[in-house]
Each structure stands twice: as C-alpha cells, then as structure tokens.
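Protein chains in written order, with this note's numbering: chain S, 9 to 514; chain A, 68 to 220; chain H, 1418 to 1739.
Rather than coming from a laboratory, the hints here were simulated on the basis of the structure.
All C-beta atoms in this analysis are idealised placements derived from N, C-alpha and C, irrespective of residue type, glycine included.
Among the hints, erroneous ones may be present.
[Stated by the list, open to error] The list that follows gives simulated cross-link-like pairs (lysine-lysine, DSS-like), each with its CA atoms no further than 27 Å apart:
| # | chain 1 | residue 1 | chain 2 | residue 2 |
| --- | --- | --- | --- | --- |
| 1 | S | K148 | H | K1592 |
| 2 | A | K203 | H | K1473 |
| 3 | H | K1554 | A | K211 |
| 4 | S | K357 | H | K1699 |
| 5 | S | K436 | A | K133 |
| 6 | A | K211 | H | K1563 |
| 7 | H | K1592 | A | K103 |
| 8 | H | K1628 | S | K148 |
| 9 | S | K148 | H | K1563 |
| 10 | S | K148 | H | K1699 |
| 11 | H | K1563 | A | K203 |
| 12 | S | K359 | H | K1628 |
[Unchecked claim] Computed footprint of chain S on chain A, listed as stretches where at least three residues anywhere in the stretch have a Cβ under 8 Å from a Cβ of chain S:
| # | stretch |
| --- | --- |
| 13 | 112-118 |
| 14 | 127-134 |
| 15 | 154-166 |
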Amino acid sequence: MGIENLLLGFHIAITPYNLFVAVIGITLGTIIGVLPGLGGANGVAILLPLTFTMPPTSAIILLTSLYWGALFGGAITSILFNIPGEPWSVATTFDGYPLARQGKGGQALTAAFTSSFVGALFSIVLITFFAPLLAEIALKFGPPEFFAIQLLTFSSFVGLGGGNPLKSLVSILLGFILAAVGLDIVTGQLRMTFGFVDLMKGFDFIVAVIGLFGIGEILLSVEEGLSFKGVRTGMNLRVVLDTWRILPRYARTFVRGSFIGFWMGFKPGGATPASFMSYAFAKRFSRHPERFGKGELEGVVAPETAAHAAGVAAMLPMLTLGIPGSPTAAVMLGGLIIWGLQPGPLLFKEKPEFVWGLIASMYTGNVIGVLMVLAFVPLFAAILRIPFAILTPVIVVVCAVGSYAVHNNMIDIWYMVIFGVVGYVFKKLDYPLAPLVLALVLGDLAENALRQSLIMSQGSLAIFVARPISGAITAVAILFFALPVLTPWWRRLRGVPAVRRPAREV
Amino acid sequence: MRVADLVTASVLLLVGGVVVFDAVGIGIGWGTDGPKSGFFPFWLGMLLIAACALILGQAARRVDAKPFVRREQLGPVLKVLWPAVALVVLTLSLGLYVSAALYTGFYMRWIGRHSWLAVLAVAVLFPLATFFIFEKWFLVPMPKGPLEAWLGQ
Amino acid sequence: MALKTALALVLMLVAAAPAGAAWEPTKPIEFVVPAGTGGGADQMARLISGIAEKHKLSPRPLIVVNKSGGAGAEGFLDVKGKKGDAHTLIITLSNLFTTPLHTGIPFNWRDLTPIARMALDQFILWVNAETPYKAAKEYIAAVKAKPTSFKMGGTGSAQEDQILTIQLEQALGLKFIYVPFKGGGEVCVNLVGTHVDSTVNNPIECASHWKAGRVRPLAVFDTARIAVAEWKDIPTVKESLGVDVHYLMLRGIFGPPSMPKDAVDWYVGFLKKVYDTPDFQKYLGEGALKPSFAAGAEYVKWVEENEQLHKDLMATGGLLKK
C-alpha cells in the first residue's frame, strides 16, 4: 500500500504553496527551538488559531514543519551556550558544549543537524510502511510497560559516571523530590506546597535546566575572566563537508539512536528520555567512554539522532490512534478536531490525501529543514564572536523570557536565578547535574505509571513481571542496574585485570 | 571547599527534613491500592538525609585548605550575578522590556565599555526585537510595566 | 526573507477590523485555560480564539495561556488576583468546583465574574468492543458478580470521572477499581488496549475508536439521549439500568472579579457570535456536546445549582478535603 499512497502524498506536499508553508514553518520552528522555554508545543498552540483559514493539509504541514524546526533548533543553544533550547537537547550539551569551547562549534552543529535528519528519516520510512502495525504494538503498552520503560531509561544511565557515588545519589534524589512537588494526579492531593500557590504547579524541567546548565555555566566560566571561550570557530561551509567525512564512523551510533528514538517515541515515552538513553548507550558501547563529556562528537550524534527519531515517531500514534505521542502532538490533535477531522484509526481510510500529504511532507519538510539549518551553521557559530558584554545580558534576558514563557509566571524567573546559583555550587562541589535533570524529567512519569500499575494489580508488584512486555523490559533494566557490580567480576573471570577508569561525570 | 561542602550538605539535609515532614502529613503508608501520596517523598527524603549525613562525615574528616572560590574569581561571578538579580527585581515594576533595555545598556557600558552609540543601539533594538517576536509574533505575553500601558499595549 | 514574510503574514492575520461599540478590547485578551494543552477545555479555548480570528469578531486577538498547575488551581487563583481587569478570560471545566473542594485552595467561583456557558459535555459508559457486553445491564451484572476486579479508567483523581464512577457504584451497589490517568485521550486508548475494562469518557475522546470498531458505548449519563444522529441510538443510563445517574460537564467562560459591566456585555455578545458560527456548531455536533448557550442570571443559577450538586456528590463519595 505504501508507495502508491506516498506518491499521492508527494503530489500534495510538493505544490509551491505547501513547500512555501513548510519553509515558513521550519523558520519559525528553528527560532522556537533556539529560544528556551518556548517549546514546540507552545509554538504549535500559538499558531493553531491562525491555521483556521488554511486547508487542513497545509495547516498540518505548517505545524509539523514548525515542529521539525524546533527539533533541529534545540541543539543550537545547547552547543553554543550549554543552554538546551528544548528538553530533548539536554543530553546534547554534555559533549556539544565542550566541543564549542574547543572551537569546534561548527562541527558539533553540523553533527547535530545531520544526526537529527538521519533519525527523522529512519522514523518517517517506518511510518510510511508500517504505521498500522506499529499502532497495534503501541496499544499493548499500559501503565506497567511505561513504568518498565522509565526504569530502563534510568538504569541505562546509572553507573556511567565516576565521582563520588554519594553525591550522584543526592542529585538523583533531589531530582525526584523536585518532580514530586505539586499535585499528585493519582490521589489529587497537593504535595510539598506548604500552602504556597506558586509551588502548586511544581518545578518545570525546562526552567531548572535553563538555570542549572545555562546560568550556572556562565557563572562558572567567568571565574577565569569576563569572556567566552570558543571564539575561534570556523566561519565557512567547509566545516560541514569536513564533518560529513568523519560522521560515517558513527554508523552504529546512528542506527542505535534511530531505533531507540523510534521505539521511545511512537508511544508516549518521549524524545527527552530517548535522547538520554541513546547517549548512555553510546557511552556504554564506545571504546573510549572516558572521552564522553569532554567533547566527543559521538556524544552529540547519539542524543540528536534519537531525539529527532522520537519526535517524528510521536506523530504515529496521533495519526493512527488519535493519542498524542508528545505534548506537541497533543496540540496538533486538538488542531485536527478544530479543522473538522476526526483523528484516530479511520483517518487513513477517510482522509488519505490528508494523511499521505502529511507523511510526504515529513520527507520534504525534513530535507528542507536540514538544508536550511546547515546553510546557517557558520552564522550560528559566529554568534560566539559577539563581545562578551553584549552576549551575556542578551543570554540572561533570553533565559528570563524563556523561563517566564513556560508558565507565564514571574516566580519561574526567580527559580531560574536560584537554579543558576545551585548549578554553580553543585558543579564546583562535584555534584553531577545530569542525574538530577533526568530524575526531574522522569520522576513524575515513573511515579504515575508505577502507582497506576499498582492500583490495577491492587498493590501487587507481580504485575511488572507477569506481563510479557513489561517483564522483558524490566529484566533488561535490572541487568543494567547490576552491570556496575558485575563488570569487574566478569573481567576477573576472563583474566583481565579490573581497571577503574577515572571517568568524568557529565 | 570543605566549608562549602559542609554548608551545602547541611542545607540539603534540611531539605530532606522538610520533605519527610510534609510526607508524614499526607500519609506514608502502603494503602490497599498501592503507596499513598507521601510514600515516595518520605523515602526520598530519608535517603537524602542519610546521604547528606555521610557526605558531612566525609567532609568533616577531610583536611582541605583550598577555598571554594578565590577572591579574584568571585569578582567576575558577582559581576554576572547581581545585575541578573537586578534585572528580575526591575521586571517586577518596570516590566520585562524596559528592564531588559536598562540591563543590557548598563552591562555593555560597565563591563564592555562600548561606545554610547553601540550601547543605545543594542539596548533599544534588542528589547524591541524581543517584543515583536514574543508579543506580536508568537503571542506570548511577557510582564509589562507603565511604559507599555502608556503605549496602550 | 521567509522570516520577514512570515512576520508580515502573522501581523496581517493578527490585525482585525474594529467595530464601533460602547466598550471593546483595547489590548490583547489573555484567555486562561486551567488545564494542559490538547485537552477538551484547551481545544475549545483555541477554537474560540481561532473563530474570532477567522470571522474578525474581536478587534484584538485572544491569546490562550495554559495554567494547569494544581488541577487548575494555578489558573483560577491567577484570574482571581486580577481584580477589575477587562482583558482576561478563563474557560472552566468541572474543576471549577472539584479542585477547591478537594484541595482546599482559597477559591470559589463567586470570586469570578460569570460571562457565558458555551456548552455542556456528555459522559458515556464505554467498554472494549471485544468484550461480550452488548448492553449496560450485562456489564453491570458482571461487575456485580466479581466486586473489586473490574477496572474503571478516568481522568485525574477526585474529578468528574471519579465522581461519576462513585455515583454509579453507590446507585447500583458495585465496586470498581478506579485507575486515574492524565488525560481523556489516554484513558480511551487504555480501554482499546484492554488495560482497563471500562471508562466514562466524553464522546469526543472515544469517537474515532468507536467508529473503528474498537470500543462500544453502553449508556449516556444524561436524562435524555444525545440529539445528534449517530449518537442517538445509545440509551440513557436510566433506560438501560433503571437508576437515574446523570452528569454534565460545564464548558463555561468567566472573567476576573468585578469585571466592568460594559466589558461583560461585550464579551457576552462576542461569545454569542462565536457560538452562532457554523464552525462552532460543527464542533459541537462532532463532539456530541450539548448546545446550551446561556448568560446572565440563567448562567449564574445553573452554576449555583451545580456547585451544590458537586458538594453533595463529593461528600457522599468521600472526596472532600479532610
């Protein structure tokens, strides 16, 4: 069924008007991706009322193109300033920012954009040919399976860093505690709000990350003087071609990242955990894990491939089941209803021109997107050449605006400043920040899934092993948890002396 | 370093205490259908207290004369931090755009010693661009002050 | 270049023609949604904003802002704090009553200025289409035979879905396992995936799965059948089970405390115009929402009655703040 329908789709997606719409969407999306706090979901929601006067297919092309733009754009500030423009680019900062400081910002950006494109393409091809089948698989995932997935994401990350294990533990705990502040949806009770209205909405992940990573990093880096490093970034398009020559080396990381991304994305798992998991796996399977966190190109490739693969895959449940795979898809779903389309299993049959136009536009949109962002790599990299005294206030203002935009709330700007100081202190005292943000982003989801499962089973933990899918995933997760203990033992068994690598915590 | 470590761990220990206190209030047991609202926060808090206590022990035994931050490092850090705080305080009364203009202008002149022309250009154009992108383009309202009210925005 | 074109495009769409009336908005209107993006309330808010745009019904745009913290408490308290403001609106769902009653936050709908009721949302009892239950009676008999083993999925805790579940339990002497989820769409998919046995979803949340033959509607929680063609074969709960359990969810618009009278009048007129557009009527039909525009005293009376109803329902269900 695929090819024929796809041709029909291209027929629609390649009209000049729809291509024009895609270019506008990607441009807006890239800007949204760059601005922290203004996520893809906000962007789509904001443009939604404006799409009313357009034909539905063009409208969805505009919104999805905006989403692709946001997926591409999130990496830019992650790499240049250690400020993730989007939640799924947090893992990109781990190696992208060190690369930029070494003057290799252009390389890192090229790798990020290219990886995003590869991940996207992988997911689109799968959607083109297997959409209905994959939708059936997605249905098999209930709360126990979701909990198992969260467990797996977390377990893939533990034991990766060196440093003081107690401090890593404190970071994880703090992340989970911050995630628990606010309303508990399972019981409807307020937790840790102490009567403060501002605490009811909890701590937003993106505000914490802007503060901890962005502001914290500025404070840390100015200790050596009021200037930015990484000024020597190359200024011409040669860097793109040069980077492309290196990238095939990471073929395995591309494939792994695409699979992880697609797998996590086509059900409400999300691009953010996917990017973390892909990064963790890349580091685990790398022959040089010690280089990660210090400016390893593979550490940019892994999360970006997975994030974009997941972002695209999130469209699948929206189209086939009428459930959103991501907050952005949730808003688009609202759009479908407003345009008078009924999202869900019948969309493929009743509105083939819409569905296949959209799928074809995923190809065209991502091709246009990657060409556009790659063309601007030298320009993005040149941002670092702006004098310190101009760039710093601009970054701080953009961070403040971004924090405010998340909830339209003044308190979030204060949180940003406080998280900035905490980030600075934690970095100096060797409390790792990555486990904290991972726990913050997963904490809510994991706890809800766990408790929903326990309600279903009336309190019995057996539900996680009794169901085949969750049982298998849980087993893998437990294996990963046990790995740090097992590895030295396994080495000794094989006669290799156990070496303790002084790996740097990301 | 040692003092900073002790202080941080103590603060986190207190945070743990607060969490445990709140959790006990909303129920920490295992109900008929799984854990109650306070179950996870309670154990997270308890673990945090334990981990911080151990870190305190480690730090107390350590001999470490290295300061957390040297005087010549603290200067630039504060030069970034306090204007940022000032920006937030100003935003409360003047709105974000005016504060951003003042903040950017002040910073450029004070740290960068840029020419008044450059200062004026950036301090006006940057907030203006932000205004158009957020208010007009993406329709995201930012905190506004008397100037915007006067202009009827 | 594209950037500039886009900006021009957006500015063009944003600018709307003014109409000469006594009072009208002089700056963008902030439209607060006390729920997350993508849900029913959010959809309606964005629909209203879009219709205003398309038909040039408002001289200034409506900017939808989500403040979902604390089951909507964040949004309600925010609007409560904007006394006398004529450029803020809030769309409500049942959490207007349930959130303050359950969490004890200092808020009551009387803190707001009622403007208009746009629609009432229906509730339906759904089961998976692969189950043998063709009628509500059969399903209820099965639940009765094995208490505390059938799982009822719903949105959130101590909100409309759970209230309805408890009503049903008390009227018929049943016991479900209530599993709370984050949003209505997620609930219905869990029903399709047989992770729960039944749900009390709003029609629109399950409509497409029904058409695809994955779920089956058993009964409508209303005093009369749904008047829309494709839905009218579903019996009411009273017809099929003999007990009168009914519940409707408010989709209403409020303003901040002591909003100027002229402004309220303008908004009532504006919302009525929105309500009468074919776009809005089409949305109501497709979502099987009950068309029920009301403003002024009629609206206030309805809200008052429903506040009491929620108090009673939540008290009998043990969901009030202890």
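**OP:** Report the numbers of all earlier hints that the structure fails to satisfy, in ascending order.
**Re:** 3, 6, 10, 11 and 14
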